[in-house]
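Use the sequences and the hints to build the structure in full.
Residue numbers (the working numbering), protein chains in the order written: chain E, 4 to 96; chain Z, 4 to 96; chain Y, 4 to 96; chain G, 4 to 96.
Just so you know, the hints here were simulated from the structure itself, not pulled from any lab data. All values reported here derive from a predicted model rather than from experimental measurement. Among the clues, some could well be false.
[Unchecked claim] Using C-beta positions, here's what the derived DEER-type ranges look like:
#  : chain 1 : residue 1 : chain 2 : residue 2 : range
1  : G       : Gly25     : Y       : Gly56     : 18 to 28 Å
2  : G       : Gly74     : Y       : Gly37     : 45 to 55 Å
3  : Y       : Gly56     : G       : Ala29     : 14 to 24 Å
4  : E       : Arg92     : Z       : Met18     : 46 to 56 Å
5  : Z       : Gly49     : E       : Gly25     : 14 to 24 Å
6  : E       : Thr78     : G       : Asp85     : 24 to 34 Å
7  : Y       : Lys21     : Z       : Met18     : 43 to 53 Å
8  : E       : Gly25     : Z       : Gly37     : 21 to 31 Å
9  : E       : Lys21     : Y       : Glu39     : 29 to 39 Å
10 : Z       : Asp42     : G       : Ser35     : 35 to 45 Å
11 : Z       : Glu79     : E       : Gly49     : 46 to 56 Å
12 : E       : Ala14     : G       : Ser35     : 19 to 29 Å
[Stated by the list, open to error] Listed next, the stretches of chain E that the computed footprint assigns to chain Y, with coverage defined by at least 3 CB atoms under 8 Å from CB atoms of chain Y:
#  : region
13 : 53-64
14 : 82-91
[Said to hold, decoys possible] Here are a few chain G residues that sit away from chain Z, every Cβ distance over 10 Å (derived from the structure):
#  : residue
15 : Gly25
16 : Arg32
17 : Ala33
18 : Ala48
19 : Arg67
Glycine included, C-beta positions come from ideal geometry on N, C-alpha and C.
Number of protein chains: 4
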Amino acid sequence: MAHTRDPKDNAALLMRVKRISGQMEAIARALSSGAECADVLHQVAGVRGAVNGLMDEIFEAHLREHVARPGLSDTERAQGADELAAVMRRYAK
Amino acid sequence: MAHTRDPKDNAALLMRVKRISGQMEAIARALSSGAECADVLHQVAGVRGAVNGLMDEIFEAHLREHVARPGLSDTERAQGADELAAVMRRYAK
Amino acid sequence: MAHTRDPKDNAALLMRVKRISGQMEAIARALSSGAECADVLHQVAGVRGAVNGLMDEIFEAHLREHVARPGLSDTERAQGADELAAVMRRYAK
Amino acid sequence: MAHTRDPKDNAALLMRVKRISGQMEAIARALSSGAECADVLHQVAGVRGAVNGLMDEIFEAHLREHVARPGLSDTERAQGADELAAVMRRYAK
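Listed below in structure tokens is the structure:
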């Protein structure tokens with residue numbers, strides 16, 4: 004099942020994932036070439052922010068698509084909510 | 004300047020970065036192939052944990068190498084501490 | 004409107020809030036009495052974990068009560084989801 | 004041992020802790036009086052931000068006082084760094 008009903012949204016998510024992959028490659032290059040420690044720290048912190056943003060976006064897409072969307076059955080909504088709760092519990096910050 | 008005095012540590016960091024790149028590629032594939040929303044959420048949450056761990060490791064390496072290490076000047080220690088404080092402030096969670 | 008249908012759950016939340024208040028008072032005492040810096044750090048980190056846990060619990064209660072619960076209207080569910088998304092966006096970590 | 008050399012800084016930290024205690028009491032009152040779920044969520048998210056800020060401030064004070072400060076012995080700096088690393092590891096986000 005797609006994460007979003009709208010293929011355009013899915014393409015946007017994918018673009019975001021690829022941008023983070025690019026940031027990770029830049030960090031690998033920085034580590035390999037002996038870049039300044041402080042610069043690498045900022046790069047990693049930037050990736051952390053980007054991953055948190057991606058997580059929030061997919062979380063919200065799931066919430067709207069699998070819990071709030073009109074036409075779902077009570078059981079489907081309960082399952083969608085259980086899945087979100089499981090992610091929150093397993094990866095509690 | 005290298006992030007760690009020990010090339011073995013630097014290689015370990017690089018390995019960790021590459022593992023995260025691999026996880027990001029798996030997420031891109033999952034999104035492209037229409038994998039289950041809940042599965043993608045867990046994958047992204049896993050990457051978030053891995054990035055946080057990487058961040059903590061580089062932060063600690065900087066702390067030991069640029070603030071605590073015997074033989075640094077007072078000015079170098081102050082600068083190392085300023086750099087850590089700047090990262091903390093800029094990316095406050 | 005109550006946060007949970009079940010008064011027992013609401014009492015449990017309140018208990019949790021009061022426990023965190025107690026932890027904050029212990030930190031105030033530690034600071035006043037000149038306790039070890041490292042000990043205070045651990046106390047504050049403990050409170051942070053407790054507040055994150057409280058946040059997750061209230062978030063989940065809202066999700067189940069105002070988005071997933073059988074019998075809500077489509078509009079009510081959309082509003083409940085909007086409220087969760089607003090909290091996530093405003094306090095993105 | 005005091006957390007900061009400067010009693011004025013310690014008073015500022017204490018003020019900050021008391022403000023968070025006040026926010027927790029407001030949350031307890033909101034829960035008791037059946038306030039809107041979404042409002043409580045925002046209040047708890049606000050406390051989370053405040054606790055993170057407090058944590059960062061005490062972390063930085065420790066870093067400057069117990070690791071970077073001129074005049075410490077190598078052993079004292081190593082111990083100060085170990086304490087920070089222990090907090091980071093134990094409460095990894």
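Which of the numbered hints above does this structure break?
-> The structure conflicts with hints 2, 4, 6, 9, 11, 12, 19, although it agrees with all the remaining ones.
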